[in-house]
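Now for the letters of each chain:
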Amino acid sequence: MRCELSADLLPTFDLGADPVSLCPVSASLELMRRSAENACGREVFCREGTRQVAEILSDITAGRGQSEDLELVEELCQLTADNAGCELAATAAGRVLRLIRDHRDEWEQHLRRKRCASLTCVMSFTVYIDPATCTATGACTTACPEQAITGGYGEIHVIDVDRCTKCLACLSACPTDAIRKAGPIKPRVPMAPVPVGSFGSEDAEGGMRRRRRRGE
Amino acid sequence: MINLVIDGRIVEAVEGRNLLEAALDAGIYVPHLCAHPDLSSRGSCKLCTVEVEGNAKPVQACEVTPTEGMVVRTKTPAVEKIRNVALELVLAPHPKDCTSCRAYLNCELQALMQYTGITHSRLRSIDKKTANIGVSDNVVSKEMFRCIQCGRCVQACDELRGVGVLHFNHAQGEAYVGTWGDVSLSETDCRFCSACVEVCPTGAIMDAPGLFASGVPKALAVVPCRNGCPAHTDIPLYLQLAGDGRYADSVSVFREKLTFPLSLGYVCSHACESDCKRGKIDFPISIREVKRFAVENDTEESWKQRTWVEPASGKRVAVVGGGPAGLTGAFYLARKGHAVTVLERMPKAGGMLTYGIPKYRLPQEVVDAEVDTLLQVVPFDIVTDSEIDDIAGLTAEYDAVLVAVGAQAGRRPTTFRGSWANAVNGVDLCRDFNTGQDAVASGSTVTVYGGGNVAFDCARGAKRAGARTVRILCLEPASAMLADAAELREAIAEGIEIINSVAVTAVTEVDGLVTGLDLQRVQSFHFGANGLELTCEPGSEHHVSTDLLVLATGQGAGFGQGFGLPVRPNGLAAADFDCATAVSGVFAVGDVVTGTKTVIEAIAGARRAASSIDRFLGGNGNIEDHFFDREERDPSLGIIPDFSSMTRTDCRTAAAVADETSRCLHCELRPDIETVKYWTDSAYLPLKVVSTR
Chain A
89 MRCELSADLL
99 PTFDLGADPV
109 SLCPVSASLE
119 LMRRSAENAC
129 GREVFCREGT
139 RQVAEILSDI
149 TAGRGQSEDL
159 ELVEELCQLT
169 ADNAGCELAA
179 TAAGRVLRLI
189 RDHRDEWEQH
199 LRRKRCASLT
209 CVMSFTVYID
219 PATCTATGAC
229 TTACPEQAIT
239 GGYGEIHVID
249 VDRCTKCLAC
259 LSACPTDAIR
269 KAGPIKPRVP
279 MAPVPVGSFG
289 SEDAEGGMRR
299 RRRRGE
Chain B
-7 MINLVIDGRI
3 VEAVEGRNLL
13 EAALDAGIYV
23 PHLCAHPDLS
33 SRGSCKLCTV
43 EVEGNAKPVQ
53 ACEVTPTEGM
63 VVRTKTPAVE
73 KIRNVALELV
83 LAPHPKDCTS
93 CRAYLNCELQ
103 ALMQYTGITH
113 SRLRSIDKKT
123 ANIGVSDNVV
133 SKEMFRCIQC
143 GRCVQACDEL
153 RGVGVLHFNH
163 AQGEAYVGTW
173 GDVSLSETDC
183 RFCSACVEVC
193 PTGAIMDAPG
203 LFASGVPKAL
213 AVVPCRNGCP
223 AHTDIPLYLQ
233 LAGDGRYADS
243 VSVFREKLTF
253 PLSLGYVCSH
263 ACESDCKRGK
273 IDFPISIREV
283 KRFAVENDTE
293 ESWKQRTWVE
303 PASGKRVAVV
313 GGGPAGLTGA
323 FYLARKGHAV
333 TVLERMPKAG
343 GMLTYGIPKY
353 RLPQEVVDAE
363 VDTLLQVVPF
373 DIVTDSEIDD
383 IAGLTAEYDA
393 VLVAVGAQAG
403 RRPTTFRGSW
413 ANAVNGVDLC
423 RDFNTGQDAV
433 ASGSTVTVYG
443 GGNVAFDCAR
453 GAKRAGARTV
463 RILCLEPASA
473 MLADAAELRE
483 AIAEGIEIIN
493 SVAVTAVTEV
503 DGLVTGLDLQ
513 RVQSFHFGAN
523 GLELTCEPGS
533 EHHVSTDLLV
543 LATGQGAGFG
553 QGFGLPVRPN
563 GLAAADFDCA
573 TAVSGVFAVG
583 DVVTGTKTVI
593 EAIAGARRAA
603 SSIDRFLGGN
613 GNIEDHFFDR
623 EERDPSLGII
633 PDFSSMTRTD
643 CRTAAAVADE
653 TSRCLHCELR
663 PDIETVKYWT
673 DSAYLPLKVV
683 STR
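Note that the protein sequences, when read in sequence, are chains A and B. Start counting at 1 in the first sequence, then tack on 88, and there's your number in the working numbering. Mapping to the working numbering: the second sequence position 187 is 179, numbers consecutive.
Quick caveat, the hints were computed from the structure, so don't treat them as lab data. Check the hints yourself; a few may be wrong.
Stated by the list, open to error - Okay, derived cross-link-like pairs now, DMTMM-like style, lysine to aspartate or glutamate, Cα gap no bigger than 25 Å in a straight line:
hint	chain 1	residue 1	chain 2	residue 2
1	B	LYS121	B	GLU135
2	B	LYS67	B	ASP89
3	B	LYS669	B	ASP119
4	B	LYS120	A	ASP248
5	B	LYS307	B	GLU357
6	B	LYS49	B	ASP119
7	A	LYS202	A	ASP102
8	B	LYS121	A	ASP102
9	A	LYS254	B	ASP119
10	B	LYS210	B	GLU624
11	B	LYS121	A	GLU125
12	B	LYS67	A	GLU159
13	B	LYS88	A	GLU175
14	B	LYS88	A	GLU163
15	B	LYS49	A	GLU159
16	B	LYS340	B	ASP373
17	B	LYS73	A	GLU162
18	B	LYS73	A	GLU175
19	B	LYS73	A	GLU156
20	B	LYS67	A	ASP147
To be verified - Chain B is nowhere near these chain A residues, computed Cβ spacing over 10 Å in every case:
hint	residue
21	ALA95
22	PRO275
23	VAL277
The structure displayed is predicted, hence computed values, not measured ones. Each residue gets a CB set at the ideal place from its N, CA and C atoms; glycine is no exception.
One chain only, chain B, in its complex shape:
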């Protein structure tokens, strides 16, 4: 520690910190603009000018190394003169209207104007000829006429990231910040890490509008894959580890947040990829495929050595439903020391993984092996063929009950409430496919009503079962279908006909069998007070005949009032964020609460439920795993040739995985960059006098 005096206050400076940092550390605010905690000092903005006793001239605090006994004054008229004129000069070419800037109220320059009381006034306004050079793209939005040439972006790109695509350029007798040749960033070696955005003190370099989720803390939002994943898996880290061939470490990272990783590697709805920032440039990273490759090539399973199982608590928990939600809840509750019994109505565990998702998308061996893995870590009872009609018996016998029965009951629109022998719910047909039933006659015509993933599972399953003609009728236009784009693409390739913007106005029947459907083209539709309200196109009526009608129009909880849980009007159970229901000791999670959602949402919810139940049972609720020790990250990215034009790979080989993961923009590095604190920050001592001018 070095002792010095700043503005009459005795201050201790940490070895290695410069005078500006020492003052800021001590809570003494000294204005600064070009200085940034993560960048080296250059002393070019002159705002941190101070007087040091014994020096003839004022100096820049960011360039001074504190010495023992140093006496520093930060607010003398001489230094305030330099500081204020420097700020006036910076403002001379800067736009005067702050309110039209996206950085309004989030701008270091604006904060400094407030601190010093300096406005645009005394000096001539300067019109820079180079002010409008700079091309925006989908990731980085440039308004270089707001640039104050502090040079932070140039430094961040070069010394922090080792990329160096931003420079001080010269044209028309002016220096300005830009790329060589003023080309767009995608034509440079830019890695799109957005460090330049992060360090820009003004609104010159910003994130493209709408790039990140709103209403989320910035540190989370700027890593969109991790933020988009319902389980908030540390995606950037596991991608990198997989790319480096460290599959066991990669698996350890996602095992910290989820169960069933291989199943997810097959079927995850990958919200991460939808949100991936690389997708704004070309295509998102194949995160799901990388995860699958990592699991399939992990020969060590080192995470298993680091699992914990707490001693028996003496509490008993019943989990109703053995799908991804129920099994995940059971897994963590069992590890917390509770005796868990899973009650599954079907002959096998796995829920929708086993009885919903078609086998061509997710082989049964994968599901079985992943259930076994959970039981290897911590044994718990799975009782199959055990249908629960009423939880009253369970609440008497167990200390807590987790209801995770999924959404097993098909819900039909009113037009389809007839009891026809050849009309089947989508969810039931999927189950029939997976249990080997002959549900679809060879050579028949199958019509599926619905536009979600279940509809596609049914249609593609029917095609595989030998149906000659398979068509999907969907209310939504092609651009607004609920199913994944990949499903749509593959279904069309398999010869399935997709009819968009169409409504079924009547069902024609003969002897209790559906023979065909009257259709009409839909101009628009919405769900009003009386249910679905349609505006149809007059004269567009037509008829299709069918041998089998599949209704993939939504699913409900499938239990009645006798079950012992209140059912909402939409047929689903009610539970709060902590998965607690109106009945004490009874919790609910997964599709039974959310309606048909995704495997990853079920898993993320079940983790929350397990934590909540553990707390209910007197535990601490902590279910976090620590399977991989984070290594210190090198913030440097360096250059990858043709980075912007690297295309998505199939991730079938280690080399392809390495190539794919090298496309990552490393958004995760951004939160490591410190945010500059404004003078109003509570870290600084209150100012009695804002300015002596």
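Pulled out of the complex, with its shape left as it was, chain A reads as follows:
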């Protein structure tokens, strides 16, 4: 190796984990980003290869992936693994290759159906406030950087899905864990803030409905 950069700089993942608990695409993106950010800048594969792959992976997690991207990522990672000047980039690329090899179906799901089993990738989920759990503390409305959450004192809060950037700041802010991610199955939530307790609890379980994705 021409360069001393060590693989210790990489985030540690349980690479053997199930895709439901670890999204292989998001994990790959983290690996590539970390490698690109720490590259010394001299070697072409360490510098540009990792950054290019990170750019493609970022597109995939946002739902902008194209069918030929998986092949491109594999090609670039293989060349980076073989030709990198440091352990950092070579290891990162090798781990991405392993994540592709072990979870090819999950990658295909990401690209073809824009789905992510662990609901990690932003394209794969929406954020909603469970009307049965929300106690209207207002913590989420303050935390939201986009002012996408409405609802006053004593009202069940509602997220405007179109304004939500899925930054997940509200998730950690809510003291009652009322804010959740929803995958392809979308829960029934009030269209506008309503007083706490007024939204039909009889629908809380049975009200989940599958909504066709827009543009699908």
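Could you slot chain B onto chain A? The hints should help.
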């Protein structure tokens, strides 16, 4: 020699060359980007990837030492894959529009795109956040968004020059090339040698626009002082030698290209300093003062031991005019073995050095001593008080004639054609000053018309002769005056009044004497078909009175049709680049051809004339001297504290000269850096297949 096989071709590699160099030496082009002939190999761009038999993985040719019997393949699908993807990756963050780049068609990256057929296509474009970091200055122009991070500039600055102000920096999760703290180069230890510019394969680091003369081969243009000097004196070398206290060696270097170095040390118009690259940062190196100090402190004159004088050729040459041009021509012709006679119309030799340039600028002893030096090296005849009206007699008597009579005749605009007793030509007044005539009455008012150096010589001479009021009238505005800035500055300090943008509309006279001048302010002027055409400011008419009117408005050859040489409409003689005139065997050089120019131009021209005449007389025309053996240069410059803020010194002491010469940017090192050859270069075998993609 090591024998190996590259692409089925048996190749001999020189010991010590790496595999990439061995292939290129053998005419086999292997793409490369981070490799440079003057820099160590790093193998980081991956473009020179090749397969070596016995190696499991492809390798970078620039990092491989050839061994006997090695078998190398440079164009297999596997290596082309690595190479092409590496190039695609390099192009991803690179601007896509080549035509707006100053390096267009002079770019290694563009050449590689053509070679491989790779374009910006398959990969995502990358927008680098650090792409616009980097400050341009007057010498180095930076467009770092074009940087491909090959690292050559970083290496050149560090390992070639020992300066090390360029680094791989990190910010915002990106690595980029820049200075510590992203400051401009003048805030670093940069020596402005421009090695970074020279090695940059793209348009990221370039010379500032207009930095060098255009229409000149690059190797000459990048050393602007040497290129600007009419005699192309090796200025960087003699500066350095003088700075090192090696005055004899320094003198030897400029003696190779010129005569009269001490006179030049006093009065040279120093085109070198005007072009000096350091002048773009603060002020040019005081080249003229360094030269003068070197001559004045050269106690050995070692160049004299290395002069040559060829055996007598039996040919005779007459040189008409004993000024710097005539004497220089005579000096080299005499050394080529010809019997030379210089015919000087005045009582002393030296021409304008003796009779034109005022003594306060150039003492007569200096001129006399320099003429004597020429005669010590090779004796030739100088016949003074010998005015030639017709060269017919000379062409009959001599094998060749060199006309170097200078521009001795003042030329007056039409308004001033009257024959007033108190109106004098500038060139004549200067001569009167230098011959000790009482040309200017004490306490009088003197008006000089003209804005060139002769006008200033007259005005400053008149002031020294005791004139009370001296004024210079000049058509040009202050910003466009023909005289040197230093002349202007010193004249103002001496109390001379300079009136710019003014025209003389009429001369008032009484009894054949000029009494005053009608003036009007000039808005613009140009020289059209009918001569000078003026646009004057209405209502700006005014009048000045004067006791003496000096017309420093240009000079002509001063000989008529009877002289035997055709005269051009501007009053000057016609001669080609080799100084030959329409008359066979008659050559002309210096001011008589060029009009009032400089001493150094006269000397440079006379060298050319001497060479030309020697060839005419059957010689080889070679007049080159070799007074100093060039030593191998250490390309390392190292660091000088506060280099950018070192100010110009007066060059009066050895220490001041050393300080002054240490300000030099060493532009001369740049042509030593090899230029990377494109794949289309004739040094490489033609490619049957450009790409197998």
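Each hint, compared with the structure:
1. B/LYS121 x B/GLU135: Measuring from Cα to Cα gives roughly 14 Å; hence the hint holds.
2. B/LYS67 x B/ASP89: Given pair B/LYS67, B/ASP89 is violated - Cα atoms ~29 Å apart, limit 25 Å.
3. B/LYS669 x B/ASP119: Outside the cut-off at roughly 30 Å; violated.
4. B/LYS120 x A/ASP248: Given pair B/LYS120, A/ASP248 is violated - Cα atoms ~33 Å apart, limit 25 Å.
5. B/LYS307 x B/GLU357: With Cα atoms ~33 Å apart, B/LYS307 and B/GLU357 exceed 25 Å; violated.
6. B/LYS49 x B/ASP119: Judged against 25 Å, a Cα distance of about 32 Å means the pair is violated.
7. A/LYS202 x A/ASP102: Within the cut-off at roughly 23 Å; holds.
8. B/LYS121 x A/ASP102: violated (32 Å)
9. A/LYS254 x B/ASP119: Given that 25 Å is the threshold and the Cα spacing comes to 24 Å, the pair holds.
10. B/LYS210 x B/GLU624: holds (22 Å)
11. B/LYS121 x A/GLU125: The hint holds at about 12 Å.
12. B/LYS67 x A/GLU159: holds (24 Å)
13. B/LYS88 x A/GLU175: violated (32 Å)
14. B/LYS88 x A/GLU163: Given that 25 Å is the threshold and the Cα spacing comes to 24 Å, the pair holds.
15. B/LYS49 x A/GLU159: holds (22 Å)
16. B/LYS340 x B/ASP373: holds (13 Å)
17. B/LYS73 x A/GLU162: holds (14 Å)
18. B/LYS73 x A/GLU175: holds (22 Å)
19. B/LYS73 x A/GLU156: holds (18 Å)
20. B/LYS67 x A/ASP147: Not satisfied, since the Cα-Cα distance of roughly 34 Å exceeds 25 Å.
21. ALA95: Since the minimum Cβ distance to chain B is about 18 Å, A/ALA95 lies beyond 10 Å and the statement holds.
22. PRO275: The claim holds: A/PRO275 sits with its nearest Cβ about 36 Å from chain B, beyond 10 Å.
23. VAL277: holds (36 Å)
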